[in-house]
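Peer 1: Using the sequences and the accompanying hints, generate a full structural model.
Protein chains: 4
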Amino acid sequence: MSTHRKRLNDVINTGFGANSSVEGSRLTNKDGSTNLRKTGLPFWERISVYHTLLRMKSTRFLFFILLLYTSVNILFAIVYYFIGVQNLVGMDGIHAPMHEFMEAFFFSSQTLTTVGYGHIAPSGMATNIAASIESLVGILIFALVTGLIYGRFARPRAYIIFSPNILVSPFKDTRALMFRIATYKNNHLTDVEAVVTVALHLKENGKTATRFYPLHLEYAKVNSLALSWTLVHPLDENSPMYNFTPKDFEDSKIELIVAIKAFDDHFSNIVQQRTSYTYNELIYGARFLPMFHRAASGTHTILELDKVNLHEDVVLPEIRTDLAESESFRANA
Amino acid sequence: MSTHRKRLNDVINTGFGANSSVEGSRLTNKDGSTNLRKTGLPFWERISVYHTLLRMKSTRFLFFILLLYTSVNILFAIVYYFIGVQNLVGMDGIHAPMHEFMEAFFFSSQTLTTVGYGHIAPSGMATNIAASIESLVGILIFALVTGLIYGRFARPRAYIIFSPNILVSPFKDTRALMFRIATYKNNHLTDVEAVVTVALHLKENGKTATRFYPLHLEYAKVNSLALSWTLVHPLDENSPMYNFTPKDFEDSKIELIVAIKAFDDHFSNIVQQRTSYTYNELIYGARFLPMFHRAASGTHTILELDKVNLHEDVVLPEIRTDLAESESFRANA
Amino acid sequence: MSTHRKRLNDVINTGFGANSSVEGSRLTNKDGSTNLRKTGLPFWERISVYHTLLRMKSTRFLFFILLLYTSVNILFAIVYYFIGVQNLVGMDGIHAPMHEFMEAFFFSSQTLTTVGYGHIAPSGMATNIAASIESLVGILIFALVTGLIYGRFARPRAYIIFSPNILVSPFKDTRALMFRIATYKNNHLTDVEAVVTVALHLKENGKTATRFYPLHLEYAKVNSLALSWTLVHPLDENSPMYNFTPKDFEDSKIELIVAIKAFDDHFSNIVQQRTSYTYNELIYGARFLPMFHRAASGTHTILELDKVNLHEDVVLPEIRTDLAESESFRANA
Amino acid sequence: MSTHRKRLNDVINTGFGANSSVEGSRLTNKDGSTNLRKTGLPFWERISVYHTLLRMKSTRFLFFILLLYTSVNILFAIVYYFIGVQNLVGMDGIHAPMHEFMEAFFFSSQTLTTVGYGHIAPSGMATNIAASIESLVGILIFALVTGLIYGRFARPRAYIIFSPNILVSPFKDTRALMFRIATYKNNHLTDVEAVVTVALHLKENGKTATRFYPLHLEYAKVNSLALSWTLVHPLDENSPMYNFTPKDFEDSKIELIVAIKAFDDHFSNIVQQRTSYTYNELIYGARFLPMFHRAASGTHTILELDKVNLHEDVVLPEIRTDLAESESFRANA
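Chains as they are written, first to last, in this note's numbering: chain A, 744 to 1076; chain B, 744 to 1076; chain C, 744 to 1076; chain D, 744 to 1076.
If you're looking for bench data, these hints aren't it; they were derived computationally from the structure.
Which copy is meant is left open, because identical chains are indistinguishable; a pair holds if it fits in one copy or across any two.
In silico DSBU-like links for lysine-lysine, alpha-carbon gap of 35 Å or less:
no., residue 1, residue 2
1, Lys1050, Lys946
2, Lys1050, Lys950
3, Lys950, Lys964
4, Lys773, Lys915
5, Lys800, Lys1050
6, Lys990, Lys915
7, Lys1050, Lys996
8, Lys1050, Lys964
9, Lys915, Lys996
10, Lys996, Lys800
Computed from a predicted structure; not experimentally measured.
Peer 2: Structure (structure tokens):
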């Protein structure tokens, strides 16, 4: 390891093991979730059903509800069918089994949703009990669905877009890692904090070890995120990636783990969003271009969300290779 | 720029760009929202439907529900009409198309709300399936409406009124900017914090730039907001508006961005409210008059909310124009 | 004012005005609410309907729902009655107006609750439209009620009982003000913080002024409130009530404003409870007796909530009247 | 008491009394609840019905709903039966009392769930009023159930598993107490904090007293809990259990009270979980083995939850019995 980096304390409280050899390729997925599987407990104990239903895509959620509705309907239709459709008063005299089953199915759906037209009505003990249970089941299911729909809407989210790329840009008289964020909904974040950790996969004594370093930012907190915020990590003496060449970035397979935490006005709640950047998403020698401008009318500002990654190529200031530390790093890496 | 203000650090972490030229006229609207439009993403991705429905006025929300209810009813009425009203058992023998459509509409509403009287009932596969789907749609819609109504009521709000004006008042042996707040509902705020930032539009080298300065307050935090709270920013040497004349305020088009954050007992939650003051709302030489008094019965205190802006004209202490700093500012401005 | 108290800074950030003369008798009610009325805005703008419904007693809330249900039923019954009960198909041929009205009322309730038996069913445009609207109204009302019932249950509360009395007890080699709290439900508070402020009504230059002082506590924070917690304010040199005699307490009409804030496991939320003590609730020369003991079985601890105020009389250590400060206070008071 | 421990301050702000003699056997149960009963208030005032229903097992909760549904149904069935089933229009002419009661019961359930087929319908004032009330009761009950189901799902929980055992392991050049935690659901905790307090039951002057000491941890906070976290309390000079032999642990009947607090992404809320360890759960001379490894495919990490307690026996470094402090402790204990 470089003498330079020895000065910097790596951290072990990242939630990941310090020993790289036991870990998979990417630590944190692009969506901020951990690249991890859990075993040793039955599936239903390892999963939070509620939160899975809360986080799934709307189309899948709708499909889930349709499936649930149809399944329960079919289940009770089978019950009514086997008790005997003659107990469903009001049915016309047709006796084709498929037709009878469909009538049982429709009676079931009228009971489950408590619409209960009554042109078909239960008679006899067994059918009445089944219908009584089904209407209770219906109410419980829709209590659940009400809770899920509310939960899906009310789930606090930060609605942040991250620039797909992370840039190595000129910064003051040196260079800096930069990425850019903005909120893409009509929400407003205040007291926005960023925590960025880098994972470096380093060869030490012939073995590869993963070291985690917290990255200092030019500003780690802003009062308000109205327009965009470019997060800047200066690649100076205090950076574990000081004087890194493109090859250094690649060799050490850097991964930036990013967590943004803020207070959101909409939800009156803390919201959090995470992501990560790997070497493949790093552009060496580029800088972001503005993504907002004054409206032609002069009455307001326009923030162009499709420009979050807009950048141009630039020449970086020379790396001062006269530094022993850097030399020593490349010698070791 | 004045030598005085050079000492003060302006801030860039306000969420607004430091470069004024790219921004619109007012940074923050009177209701605390940012004067900003977002582009570059489709409308439905830029908007949080849930929060838009949560924040709209009650009358508009009621109208939205009525519209939704009627639209879905009409949609399914069209379906029943085209399947054929002969499948709606129980309808009398009239065949005027408009009458038939109305019957289909009423059957639809009885299905959507799950009231299901049953004097009109579905028969045949197609009508039964449509009715089965409509009753599910009804339950989903009203699950949504239940969530929205709860969300609207439960949305944490600070219920703060701000004095419409900001005053330049005498304060100790100098002057101060003052505005006043109170809660107007039967709520109680504790741990109330205020953050006030000023935006000054300054001419520097012939160009106009916007500089942001945090404003120090006499008290930036109170334990409890039971009566009223007058927020005081002393216009002393540490203020970026030290010795400002009315013309200075106007020329630099000051905008005060105000954020109040507190813990609310009702919601057991953090609440936040923002607003802004521009030069047009500044009164030079006035002071607030009390807005509360002891009840005639002596048993309690009365807080008069209509007096939140009550003030009287006063003569301000002389600006000490012997200060080089101030001179230099006016020379530059 | 005593020379002693001059050293202590009184505070103005209590949410109450520093000037006593404009205030009512008691600043904070026993239930922690502020003894305050607001005027200057219409009633409905000054009140948070939702929170009023959330905080009212269960019996009153139930009565409110019954009243709402009956009122809406009667309203729509009147509508159906005036459209004409002949449009309510299925009614038997009786024509006594009262009977007809009752039938309209029951049809109304069947529509409002969406039970819709259908033995009475709407016919004709006007009645159908009214029924269609009423079933929507029903769904909206019960969406509201669902939200209210959930809100009432889910409203975070601290469930703290305070000892009705505040004691002046012996403490170390001096005396202390003490009161005692415990949680009375099966809830568990952690990170419990207390903030106690005293309001002293002092005669200064012939006028009565109210001064507020924060009171230091032996422990102002406990990690966990499992059993009981006796809050102790030592009446030492740093107390604004140093060497107070019973007459001093009475003359200065002390009022202790108490706020307890904690994290509650049940709600996973911050909860807060406030109360106040006045001179009438002070007992001079008493100490609390234990309110918990080991169960006879030895397997657990028993906390006796009815003993929260259990105390015995004790003789207090002499007030050292040789102190100039105290002398000077009584001379002034 | 040992001279060593005299240096360490014990704490009284643990929520438990400092005087052991009034307390039961275990202070905190394994599930983190306090081993405590409250008396002196009626049962219904001591219990939070809502939270009891929120925290009970799913099967018991389902049983509670079934019981409630059946009870209310039977109650109203009795009412209809005594008013007279001739007022339930549509019933066939059978008059066996049991059959009549069952019909009343089914009518009741159709009213309570608002399914209201209408093949049986109320007639007469009394039956209509009863039905009108029952349908309101039905709506209120299911509003309650909707709230409870939502509340049960949305209740923030940490989903942490603790290693069943606490180990005395080698650590650096001394020994340490260690236990291990992980999250067992697809949730992600950030800003995870641990507070560990030990209760020592010590003989002092012939009496047993309970002393509480906060335990310092190698890391008391981690940024993120992605894999597992081994909590380490070094048994060094600053530990109240410095140089404890197995017999010392047993004699002082140690109990570790553990509280973990974190921010959870799923709930966007603070979550908390508590537990305790007693001497019976302590293993003297063992160390944890890794519970995660790289997947064979190399693409992710696998966390094996069934290995949370996996450990192997190890020989501990010698206790340096030459220390006067330790000697003195064992002499006293």
